[in-house]
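Let the sequences and hints guide you as you build the complete structure.
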Amino acid sequence: MVPPPPTISLLFILIVSIIPLIQSQPFYDYSVDPGAQCQVYIGDLVGLTICAPYITHYNRSVYVPSTSNQQEMLQNASYYYDILSTIGGDSCKTQESFRTLCSFFFSPCIQYQSQKEHVEKVVNKCYDSTDPSLNIDLPPVDNLNTFCPHPLVYRNSSLTSRSDDLNRGYAYITNISDCLIGCPGPIFKQSQWTTFYNLLDSVSVISALASLFMLITYGILNPNRTNYETILCGQFNSIFLRSLAGVLITFGGGSRENMCPEPGRYATYHDPTCMASVRQLKILHFVIGSTILTIIMTVIITVKGKYIFLKMIMLCICWPSVDGVVDGLFWGPIGVCIGLATIMIVWTIYGIVKLTKQANVQESIIRKVVYSQAAPLYYNLVFYAIFLYNLINNRVMKFETTPPESDALVEYFNCILYAEKNGSNPDDCVVTQGPSLGNYGFFVFSVYIYGLLCLLFHAT
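Per the numbering used here, the very first residue in the sequence shown carries number 945; after that it's consecutive.
These aren't lab readings, by the way, just hints derived from the structure by calculation. Backbone N, C-alpha and C define an ideal beta-carbon position, used for all residues, glycine too. Some hints here could point you the wrong way.
To be verified - DEER-style ranges, computed between Cβ atoms:
#1 Gln1179 - Gln1377: 32 to 42 Å
#2 Gln1317 - Ala1352: 48 to 58 Å
#3 Ile1282 - Asn1383: 11 to 21 Å
#4 Val1326 - Trp1275: 14 to 24 Å
#5 Ala1352 - Ile986: 47 to 57 Å
#6 Leu1353 - Val1280: 30 to 40 Å
#7 Phe1274 - Leu1299: 31 to 41 Å
#8 Leu1299 - Tyr1333: 22 to 32 Å
Next up, the structure:
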């Protein structure tokens, strides 16, 4: 048998020597192997000298991946050790060759703390472990110091007074955070807010024009007014002045711009819009009593201070921020008036029914009286029903609306944090625990609908 040429033997040895390197490539993967360990070398197989002489220079600490163990690694090393010892020539059977072979399987290992472990240690200190629903797997950001995911707005509170910021309408998500709640609040989608404010501006203008038309028709163009028409003119005037505030806001940039003068800030008594609301109350002096009452209410509210928009459920006029003041100076008087109106309506209906049951009254007279009272009664009932609805709806919203639960807030923050990753719009993220858009929209719509109702009723 003729021995193979030296070049063929050398090529075979090289191929055999490269095989361990190829098979050990997963061991040298640069991705982090969380299960890998640094272990003390367990020693060569019994009766064999394989790698022990060659790994003493790194203190016998070897890298063991999570997909293998030292026994398996020794078996593989022993297999290729036998191949080199059997097939290799004297020039191949050197310490350098065996050291290289062992390095393929037993690389030196230095234990250190990975970046993931650093992050986990920090999270364990800052993370509220009592709430397992919180998701801490946040997307990477470049600068966490000024990071507030859209639609939250960043504001460096260290440069300002946080208490002053709160009085000026800035709403921080927590007492220590520099992130502000966007304006308007995330109880509806931003597209829904846009539709809502457009509806509000439109109804304000329509109501003002309708009441002005009725005021001119029944007042200025009607020199021979009856007492009933004079009373109606007073009502039209009141509705027009009420709607005029909405018109000024509409042509002053729109309700949204006036309600949210800055990103993350709600209008307060510092802003011209709310101050205009106070001045509007003072010019309602067509009745001396209402003027005096308005001044008293304005003074009390000014002393109590803090005209401010409700931060999450924001109406489109300036409400006092103190619930007791709102109830005492607004909803309380409305409740009293509704109570008196209830008595008057019941008394009127009782009088009509009593008249129809009188035997000595002609039927034509009864029919004439009923027809003459039906239209005004129907007109008053419509306004009465709207005021009663507003009162009941406000009470229901006040007593049934509670601060959002943690699950709803966690769901909202997860939505805005992962919106970009999921390909969705963060402006569509909402706090699900809140009033319905239909109920809220109809409530505000009913506040501005009086002028249009006057036109529809008296023009038909």
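Quick rundown of the hints versus the structure:
no., hint, verdict
1, Gln1179 - Gln1377: 32 to 42 Å, "39 Å, holds"
2, Gln1317 - Ala1352: 48 to 58 Å, "51 Å, holds"
3, Ile1282 - Asn1383: 11 to 21 Å, "20 Å, holds"
4, Val1326 - Trp1275: 14 to 24 Å, "21 Å, holds"
5, Ala1352 - Ile986: 47 to 57 Å, "55 Å, holds"
6, Leu1353 - Val1280: 30 to 40 Å, "39 Å, holds"
7, Phe1274 - Leu1299: 31 to 41 Å, "38 Å, holds"
8, Leu1299 - Tyr1333: 22 to 32 Å, "30 Å, holds"
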